[in-house]
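Novice: Residue numbers (our numbering), protein chains in the order written: chain A, 1224 to 1575; chain B, 63 to 461.
Warning: the hint list may mix true and false statements.
[Said to hold, decoys possible] Here are the computed lysine-lysine pairs in the PhoX-like style, where the Cα-Cα straight-line distance is at most 25 Å:
#1 LYS261(B) x LYS1268(A)
#2 LYS137(B) x LYS124(B)
#3 LYS1314(A) x LYS352(B)
#4 LYS1263(A) x LYS352(B)
Don't read these hints as lab results, they were simulated from the structure.
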Amino acid sequence: MMQHIDFFFSLESPYCLAQAEKRILLDSCLKNLDNYHYHKCMPYKRIVDALNGPLSEIYLPVRLFKDFELMSISSEQILKTLMSSGTTSQKVSRIFIDKITATNQTKALVKIIQHYLGKARLPMLIIDHPDVIHNRASFSARGAGIRGLWTFGRNHTYALDHEMKINHEAIDEFCEKFKHQNKIVFGFTFMVWKYFVQSLEAMGKRIDLLDSILFHSGGWKKLQQEAVDNDTFKSKTTLITGIKHIHNFYGMVEQVGAIYIECEKGYLHAPAFSDIKVIEPATMNELPCHQTGVIAVESILPLSYPGHRLLTEDIGTIIGEDDCQCGKKGKYFLIHGRLKQAETRGCSDTMH
Amino acid sequence: MDIQYFVPKQSDHKHLFTKTNTLLPFSRSVVEFVNQFSSTIVTDPALKTYKELVALGFWMRKSAIQNYQKTFDIKNKGKIKLARGTVFHIAPANVDTIFIYSLFISLLMGNSNIVRLSTQAGQQTELLIHVLNDVLDERRFAHLQDQVQIVSFEHNTEILEKISAISDARVIWGGDDSIERISRIPISPKAIDIKFANKLSFTILNGKQIESLPEKEMDSLAIKFLNDSYSFAQMACSSPRFVIWMNGTEVGQKRFWCAIEKRLDSYEHQLTDSDIINKMVYSYSLAIEKKIRFRSTRSNYLTILRTDLKTAFQSYSHCGSGLFLESNIDNLDSLLPFLNRDFQTVSYYGFERNVLIDWVSNNLNGIDRIVPVGQALDFYPVWDGFDLSEMLTREVTVL
Chain A
1224 MMQHIDFFFS
1234 LESPYCLAQA
1244 EKRILLDSCL
1254 KNLDNYHYHK
1264 CMPYKRIVDA
1274 LNGPLSEIYL
1284 PVRLFKDFEL
1294 MSISSEQILK
1304 TLMSSGTTSQ
1314 KVSRIFIDKI
1324 TATNQTKALV
1334 KIIQHYLGKA
1344 RLPMLIIDHP
1354 DVIHNRASFS
1364 ARGAGIRGLW
1374 TFGRNHTYAL
1384 DHEMKINHEA
1394 IDEFCEKFKH
1404 QNKIVFGFTF
1414 MVWKYFVQSL
1424 EAMGKRIDLL
1434 DSILFHSGGW
1444 KKLQQEAVDN
1454 DTFKSKTTLI
1464 TGIKHIHNFY
1474 GMVEQVGAIY
1484 IECEKGYLHA
1494 PAFSDIKVIE
1504 PATMNELPCH
1514 QTGVIAVESI
1524 LPLSYPGHRL
1534 LTEDIGTIIG
1544 EDDCQCGKKG
1554 KYFLIHGRLK
1564 QAETRGCSDT
1574 MH
Chain B
63 MDIQYFVPKQ
73 SDHKHLFTKT
83 NTLLPFSRSV
93 VEFVNQFSST
103 IVTDPALKTY
113 KELVALGFWM
123 RKSAIQNYQK
133 TFDIKNKGKI
143 KLARGTVFHI
153 APANVDTIFI
163 YSLFISLLMG
173 NSNIVRLSTQ
183 AGQQTELLIH
193 VLNDVLDERR
203 FAHLQDQVQI
213 VSFEHNTEIL
223 EKISAISDAR
233 VIWGGDDSIE
243 RISRIPISPK
253 AIDIKFANKL
263 SFTILNGKQI
273 ESLPEKEMDS
283 LAIKFLNDSY
293 SFAQMACSSP
303 RFVIWMNGTE
313 VGQKRFWCAI
323 EKRLDSYEHQ
333 LTDSDIINKM
343 VYSYSLAIEK
353 KIRFRSTRSN
363 YLTILRTDLK
373 TAFQSYSHCG
383 SGLFLESNID
393 NLDSLLPFLN
403 RDFQTVSYYG
413 FERNVLIDWV
423 SNNLNGIDRI
433 VPVGQALDFY
443 PVWDGFDLSE
453 MLTREVTVL
């Protein structure tokens, strides 16, 4: 199984495989993972046995990771436990990572990010406060995301202070010191918008991050409430900060590493290590391009937990395969947000 | 105080918190009002698509009300029955139409009524309110405006207290928590509470009969089962959540579920992707924890989990949306250890009524009604074991 994965890491670019070729390679890896997890993870085996259908058609709903400790390793092998973000009242997902899975996740992320940044480490501005990676309360998606990209940067600088206010001194020093150099800026979409771009705008301040590339992630839910779409986000960010290269990415704590980065044409791309399907839940059939449905994700990276085929609660549309104008091969797509939770029904609740 | 007034069109606080006069049971004007209401919703083409509303109109059609009155009169021959007074109905969140049944029975008994609708009330409720107001606007029913007041407000103890203070009876629909919360609000010591708590239902099928059922009858059974199960996304208390086969055979079971699937294709169930995923999460979780097997189906609009009797009875509080646990027995009495007051309706096919009467009469613990498949959702004036015409009247004795 490892030989297969190593082949993917040896690719020159994670976007060089045409979809048909990629699927043949991916399917063989995924098939191995089906059997691997079937024998290693008892809860997964019980689901498979109960369904009694082909393994390759079984996608675990991501919510299961909130209710069960799903792992294919013994507890001594756990290197770290990743948790989804969530308020205190909500249950969080727990994803158990062993050494080899952690290594694979890092290798995949390196391949993907290097495609955009090259091999050199760049000065890195983090749109968050310094406690975010230490603080237990935010030791989750935000902290994990920052730690994940940390290795691609140097001279790490936090743009916000402990009170989530703009740290002008730090930013000005960063911009001045690395003027005319390539830089990396990273933050969660909402943080970038609310605490960085909007704060600067309110102060009437413009900064010069002209030679920077911004990666941001974390969902559009809060921004949609404020009627901010991707185009608005990009144009306003460019106006205020000078950043021209802005890339959203789609990823989840259940499949760290194999992230889906937005290209310069505005589409998210599946890298070699993972793939995306748009599913109609009623039949679990894959929908053709341009039809909107629920996103299922496949990844060859999860060895320590049965996360290789997952059904998300995000909705999206595949735009095409191999023919994005940006030149990347494979599938490209758009995410439209979360599935609307069905209203509570039944005669059980009077007090609403 | 933030109160929304729906019926009558013009109302206010003062009106809402004041006791109004009662009428005699089955007063002519009320009976005519019910007739008018029924014929309006049955004949209005705009309401035709709402199965639940049409069923409601049919349920309160003229002949049905006449029969109901006849039964009432026979039962109460020689007795003096009067309205109980002011009845406060607290409607459930999302079984849109059920409140109207207890409201109309109460009306027929001569009571004046205040209904608190859920703030989540849906489209069918809006339509019902519209029709109610139209009928009440007719001059001949003007005096009934005092008898029907429908309002809505967020959970507010002060308003609940004020209405409770003038009530002679409260009809409370809801889950255990909300019933407890409302019950805590004081009511006059002389008043009564009628509680319709969350309940669950199941179906029993005679395997041998179903195995040899002709195609046409199988199809009609399938339609009836679908109506019982897929209205309100299977979340009505009376919708079956599991199916118990008496001497079920694989051939018979397959035939039954195939007939269901065939009809389901064209059935307007309004299940969403989110419902389907909830159902997947529930059934995969169950697969991890209990011994179940999925019966393979053409689509996830129908999910059947085969399991043992104990698991079926333990796992009933599921998310509905077309999910059925399925189990086998060879003797009705093997159900007895599992029955309790949580169970409301048993819908059946292929059993003699006498056999069921004998079974129930043996001091069954739980189960309020046993009805043929297809009638699970039909409201009956005896509900959850309460005879509403009894509860919503008072009897005066003269010696």
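Novice: Identify every previously stated hint that the structure contradicts and give their numbers, smallest first.
Specialist: 1
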